[in-house]
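Novice: Letter by letter, the chains look like this.
There are 2 protein chains.
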Amino acid sequence: MTTRQLTEQIKKKQSFLCIGLDVDLNKIPKHLLTEEDPIFAFNKAIIDATHHLCVAYKPNTAFYEAHGLKGWKALEKTMMYLNVKHPEIFTIADAKRGDIGNTSAMYAKAFFEDLSFDSVTVAPYMGKDSVEPFLAFDNKHTIVLALTSNKGAFDFQTKTVEGKELYKQVLEISKSWKNARNLMYVVGATKAEYLTEIRDIVPDAFLLVPGVGAQGGSLKAVCKYGMTKDIGLLINSSRGIIYASNTMNFAEKAAEKAAELQSEMASLLP
Amino acid sequence: MTTRQLTEQIKKKQSFLCIGLDVDLNKIPKHLLTEEDPIFAFNKAIIDATHHLCVAYKPNTAFYEAHGLKGWKALEKTMMYLNVKHPEIFTIADAKRGDIGNTSAMYAKAFFEDLSFDSVTVAPYMGKDSVEPFLAFDNKHTIVLALTSNKGAFDFQTKTVEGKELYKQVLEISKSWKNARNLMYVVGATKAEYLTEIRDIVPDAFLLVPGVGAQGGSLKAVCKYGMTKDIGLLINSSRGIIYASNTMNFAEKAAEKAAELQSEMASLLP
Chain P
1 MTTRQLTEQI
11 KKKQSFLCIG
21 LDVDLNKIPK
31 HLLTEEDPIF
41 AFNKAIIDAT
51 HHLCVAYKPN
61 TAFYEAHGLK
71 GWKALEKTMM
81 YLNVKHPEIF
91 TIADAKRGDI
101 GNTSAMYAKA
111 FFEDLSFDSV
121 TVAPYMGKDS
131 VEPFLAFDNK
141 HTIVLALTSN
151 KGAFDFQTKT
161 VEGKELYKQV
171 LEISKSWKNA
181 RNLMYVVGAT
191 KAEYLTEIRD
201 IVPDAFLLVP
211 GVGAQGGSLK
221 AVCKYGMTKD
231 IGLLINSSRG
241 IIYASNTMNF
251 AEKAAEKAAE
261 LQSEMASLLP
Chain V
1 MTTRQLTEQI
11 KKKQSFLCIG
21 LDVDLNKIPK
31 HLLTEEDPIF
41 AFNKAIIDAT
51 HHLCVAYKPN
61 TAFYEAHGLK
71 GWKALEKTMM
81 YLNVKHPEIF
91 TIADAKRGDI
101 GNTSAMYAKA
111 FFEDLSFDSV
121 TVAPYMGKDS
131 VEPFLAFDNK
141 HTIVLALTSN
151 KGAFDFQTKT
161 VEGKELYKQV
171 LEISKSWKNA
181 RNLMYVVGAT
191 KAEYLTEIRD
201 IVPDAFLLVP
211 GVGAQGGSLK
221 AVCKYGMTKD
231 IGLLINSSRG
241 IIYASNTMNF
251 AEKAAEKAAE
261 LQSEMASLLP
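So the protein sequences, as listed, match chains P and V.
Start counting the first sequence at 1; every next residue gets the next number (this note's numbering).
Start counting the second sequence at 1; every next residue gets the next number (this note's numbering).
You may find that some hints are simply not true.
The list treats identical chains as interchangeable, and a pair is accepted whether it falls inside one copy or across any two copies.
Unchecked claim - Below, in silico cross-link-like pairs of lysine to aspartate or glutamate (EDC-like), each with a Cα-Cα straight-line distance of 20 Å or less:
hint	residue 1	residue 2
1	73	114
2	12	230
3	151	172
4	109	24
5	159	129
6	229	200
7	151	129
8	44	24
No wet-lab data here; the hints were simulated from the structure.
Nothing here was measured: the structure is a model prediction, and the numbers come from that model.
Could you put together the complete structure from these sequences and hints?
Specialist: Now the structure itself:
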């Protein structure tokens with residue numbers, strides 16, 4: 001999917017919501033545990049109930065890997081379902097990968113080709129040659145961790161490196177990488193006030209913003225400081241939506257939560 | 001496995017060699033491709049031929065994920081084989097993971113419990129709360145990327161942060177994390193001259209050292225600047241050993257290459 005198509009979807013649906021599919025068997029409704037594939041059954045119900053309210057889904061790979069073969073199979077089935085039933089949806093593998101060149105190329109193949117994700121999150125610590133193999137794929141997007149929403153973000157990301165915070169160096173330096181047009185960035189909503197300066201460095205790039213809701217960030221502030229003429233924002237919510245209820249009507253309750261966010265987003269769109 | 005047991009194995013085998021199981025179907029001998037599980041068949045042959053010459057194996061998870069379900073199954077089988085046949089071997093999941101707390105906990109479970117690895121590599125960019133969930137496991141080891149062996153290491157890792165290079169900040173700050181005794185670090189052999197200063201910060205920690213051989217680092221220099229009284233080094237070689245030959249006797253040729261390194265290591269041990 002191109003960023004232009006993504007922007008079109010956002011305008012059409014009046015939503016820039018991304019729903020995080022972080023499926024934890026301890027948190028999903030008990031009645032699903034007797035299904036052959038409880039993780040997929042949960043995802044399918046959530047997707048069926050919410051796909052018209054969001055433009056993206058983001059499975060975090062950790063939650064699937066934690067179940068070994070079964071988890072990997074559930075991820076494959078979820079992606080197959082999304083690609084066949086909802087090709088208009090932007091998909092994000094929240095994998096936070098990053099390795100030396102030939103190894104990053106293997107990860108890129110796994111997520112972009114085998115699983116057909118539109119995008120994947122990557123960690124910048126190993127630098128240019130760990131990220132460029134991902135950038136080589138046309139119409140696929142590489143979402144670099146810049147400023148994350150956790151407390152540990154202050155351990156290194158906000159430290160000053162040659163006169164500028166590390167996360168700003170990441171933004172700045174990554175712009176010179178080959179096929180940098182395929183870059184997006186993770187910027188936590190808990191730090192919305194940082195967005196003005198971030199937009200000075202990457203005025204047009206799409207930002208994937210976690211931390212609205214559960215982690216306390218404000219949607220309004222993120223839009224005020226981060227929105228571009230092509231919107232340029234994907235706001236992620238995971239637990240706040242998918243675990244809104246763990247009763248029989250969990251999907252309906254998830255849709256209610258998603259609709260609340262979508263409606264707030266519609267009011268913030270130009 | 002405890003670090004004490006690891007040191008005992010090193011002294012017993014006169015080797016601190018780690019063999020990287022980065023299995024690429026384009027590089028393994030053609031005759032294995034007709035096997036039911038070519039990746040496992042390759043790993044088994046390499047392990048059978050080299051286990052007495054090394055103390056550790058390090059599958060890089062990218063090479064398994066690139067094959068989806070089949071790859072994951074091959075990784076499970078490889079770990080099962082190692083744990084049953086060679087419990088004295090130290091196993092490293094070269095996964096370079098790192099995510100917010102509850103997600104890192106899922107990864108830790110996947111690698112330490114489900115796959116029974118002794119250790120896993122993690123990226124430090126997201127800070128303390130992304131690494132501590134791994135450190136919470138007793139007798140399991142968390143190997144933090146400090147200074148990697150690729151060119152991109154100079155993009156951020158060697159930049160000066162508050163008067164000290166970023167990788168030194170990572171070493172220094174990580175020492176204050178909970179259960180820091182379970183930390184090890186990745187330090188590339190291509191930068192052996194950095195080891196003196198690294199040992200000033202982490203005098204006792206085990207270092208996993210890639211980049212000897214293929215990437216041009218010198219074993220002698222690494223030992224000179226990095227060895228501790230408990231050895232404290234694991235030297236990784238992947239391609240140089242496992243792809244020494246792609247003929248019928250590939251395992252024998254791999255053992256010859258491993259034996260060369262082991263013999264050089266024996267001469268460098270106290």
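Novice: Compare the structure with each hint and give your call.
Specialist: To see whether the hints hold, each was checked on the structure:
In the homo-oligomer, the alpha carbons of residue 73 and residue 114 lie at most 20 Å apart both inside one protomer (12 Å) and across protomers (16 Å), since each shortest distance falls under that limit. In this homomeric assembly, residue 12 and residue 230 come within 20 Å of each other (Cα to Cα) only inside a single copy, at 13 Å, whereas the closest approach across copies is 63 Å. Taking the closest pair of Cα atoms, residue 151 and residue 172 come within 20 Å of each other only across two copies (18 Å); inside a single copy the shortest separation is 23 Å, beyond that limit. With identical chains, the CA atoms of residue 109 and residue 24 are at most 20 Å apart between copies only, with a shortest distance of 13 Å across copies and 26 Å within one.
Proximity of residue 159 and residue 129 under a CA criterion of 20 Å is satisfied inter-copy only: 16 Å between copies versus 23 Å inside one chain copy. For the identical chains of this complex, residue 229 and residue 200 are intra-copy neighbours only, at 14 Å inside a copy versus 51 Å across copies, given an alpha-carbon limit of 20 Å. For the identical chains of this complex, residue 151 and residue 129 are inter-copy neighbours only, at 7 Å across copies versus 28 Å inside a copy, given an alpha-carbon limit of 20 Å. For the identical chains of this complex, residue 44 and residue 24 are intra-copy neighbours only, at 15 Å inside a copy versus 34 Å across copies, given an alpha-carbon limit of 20 Å.
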